[in-house]
Amino acid sequence: MARIKHLDEDTINKIAAGEVIERPASAVKELVENSVDAGARRIIVEVNDGGKSLIRVTDDGCGIEPDDLPLAFMKHATSKIRNARDLERIKTLGFRGEALASIASVSRCVEVRTKTPGSLSGTYMRMESGKIAEIKDVGCAVGTTITVWDLFYNVPARRKHLKGREAELVHITNTITEMAIINYTIAFELFSGSRTIFKSTRASCWDDVLLRIFGLKTFKSMAPLQIEGRGWRLTGTAGDPFSARSSPDRIFIFVNGRAVSSRALAGALRDAYRNVIPQAKSPVAVLSLVIDPELVDVNVHPAKREIRLLREDEVCSALSQAVAQALVARAQGSQAAPEQSPHVSPHPSRAMITSKPEQVTLPLHFGLDDAVEETAAEMRRPRVKILGQILDLYIVAEGEKCLMLIDQHAAAERIRFEQLQERYINRKIRQELAVPITIDLSPSEQILMESWKETLSDIGFEIVPFGGNTISVRSVPALGKRLESAEAIHDILSDLFAVGKVGQDSTNRDEILRLLACKGSIKSGKELGMAEMQRLLEELYECQNPLTCPHGRPVAVTIDQSHLERLFARR
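So the sequence shown is residues 2 to 572, counted in my numbering.
Think of the hints as simulated: they come from the structure by calculation, not from any bench. It is possible that some hints are incorrect.
As the list claims (entries may be wrong) - Calculated pairs, BS3-like style, for lysine-lysine (alpha carbon to alpha carbon, straight line, at most 27 Å):
{"no.": "1", "residue 1": "K386", "residue 2": "K164"}
{"no.": "2", "residue 1": "K200", "residue 2": "K164"}
{"no.": "3", "residue 1": "K454", "residue 2": "K429"}
{"no.": "4", "residue 1": "K132", "residue 2": "K161"}
{"no.": "5", "residue 1": "K282", "residue 2": "K218"}
{"no.": "6", "residue 1": "K221", "residue 2": "K282"}
{"no.": "7", "residue 1": "K454", "residue 2": "K200"}
{"no.": "8", "residue 1": "K218", "residue 2": "K200"}
{"no.": "9", "residue 1": "K221", "residue 2": "K200"}
{"no.": "10", "residue 1": "K76", "residue 2": "K132"}
{"no.": "11", "residue 1": "K218", "residue 2": "K454"}
{"no.": "12", "residue 1": "K386", "residue 2": "K402"}
{"no.": "13", "residue 1": "K76", "residue 2": "K137"}
Build the full structure now, drawing on both the sequences and the hints.
Dropping the structure here:
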């Protein structure tokens, strides 16, 4: 066994950086948090190549004193706490004094320009590979600009596992929009090269930022809430049941101005929606908890994303009740009065849908028109007698000397997948909508939309800009009535964006068609009539591969006569 020895400083810094700086968005978050703590009123973030080659954060905060600048990049040097007792009453976003040192240790070069109010000149410092290379006086505006070049250049394993440029830019955009919600008194701007990705203005409440992120329809549907208890106060806004999403990416939770992931608070929020939205859906909500610093521990996670709360049960119970009451009041109020702004001033995030009351798709005609092919299909179709349905999922049928159990969702998936494949090959996959649907996109979804534009068109979407962050959807993939609502289209787009691949190769195309087939198929839990089950099996036996779904799961299980006889001890 090797002998134990002290690690060198460079190795220690890289290990620490790996815990704090996971990707470019992590570096952006740490730098922007420092700007917020510095009292900035305007923060500008510039990135190139998804933050991998360049990150620059500029603020108009208090700046850094010349003598303190070298200390700022030393590990565990900070102006925000003085001793261990201060950890029990943290009031700033940063406090450990390790972010700047970690960033510098995994970057080729870090440049700082900073000036404090009243100073005649500013200070410039350049660090290379974590070491100070130059420091001098310069002319600059009050505040601080930090530029990071070539993040993870000396950690090839970490750099290799970063996502593509657009994917990393999405993470950065989500970070900035999240911080802009709670720090609404600060103006934020995010640029990728020369392109403006996100921009917010200083305001007295978070309405402007929420409008930019959620879109007008969802914003107007949100109900304000406000509750307080011993040593804590919670304010927020919650969307109505019709704004629920297929993913939880629009639940924003803040504790003392810090964005956090809290299973307890998110669970309490969902409890309030338990009987009003489908179980697979997630609500849209923004929650801001202001609590006595002594009742919260923020020093439990390297990225400070997770926290521990005292009186957690009390807060969660009150939250569930407040959201439920807000939803009831909103529902009652919407029947008698026009919708009001969900403005609540909370002290101290991608898109929602502009839905239409009704949507009609143009008719589709599936199946074989050629009489000879129909006859051939009939000849190779086995004789099956449908007996019924169990568990609202499996079709029970009697085959030729066997009992059959058919998974209705898997069967429908296989049918839809092969129909989509055929339509794709014959360039008939596009299905025009009788009335175009408008959808509001979040800043991160706008980025993804640009990179997916060709692929979406290839699989049947026709999408055009509609002004601002709104798009108009004129055509969709041929899934029949499964894509006749704005919510369904938005869910499909979100799922496609999550695939993370936008190539035109056949493997990627089949993956996309599998996803579309799954979304457009009969679901488990749906009760079917005898005619529907008969039609499903007839279409299944016309498939080229009726034995498995597109994901490889079996469609049907058969129990032959001999097996049944063994089960009943007849042989």
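Results of checking the hints against the structure:
With a C-alpha separation of about 51 Å, the suggested pair K386 and K164 falls outside the 27 Å cut-off, and the hint is violated. For the given pair, K200 sits about 24 Å from K164 by alpha-carbon distance, which is consistent with the 27 Å threshold. Restraint check: the Cα-Cα separation between K454 and K429 comes to about 19 Å, which is no more than 27 Å; the hinted pair holds. Between the alpha carbons of K132 and K161 the distance comes to roughly 24 Å, so the proposed pair stays at or under 27 Å and holds.
Restraint check for K282 and K218: satisfied, since their Cα atoms lie roughly 18 Å apart, inside the 27 Å limit. At most 27 Å may separate the alpha-carbon atoms for a hinted pair to count; K221 and K282 meet this at roughly 20 Å. Between K454 and K200 the alpha-carbon distance is near 23 Å, which keeps this suggested pair within the 27 Å criterion. This hinted pair checks out: K218 and K200 have alpha carbons roughly 20 Å apart, not beyond 27 Å.
A C-alpha spacing of about 21 Å is found between K221 and K200, which places the hinted pair at or below 27 Å, so the restraint holds. Only pairs whose Cα atoms come within 27 Å are accepted, and K76 paired with K132 is accepted, the gap being roughly 12 Å. Annotation: proposed proximity of K218 to K454 holds, straight-line Cα distance about 24 Å (limit 27 Å). As the CA atoms of K386 and K402 are separated by approximately 11 Å, the hinted pair is consistent with the 27 Å bound.
About 22 Å separates the Cα atoms of K76 and K137, which keeps this hinted pair within 27 Å; it holds.
Comparing the model with each numbered hint stated earlier shows that hint 1 is the single one that does not hold.
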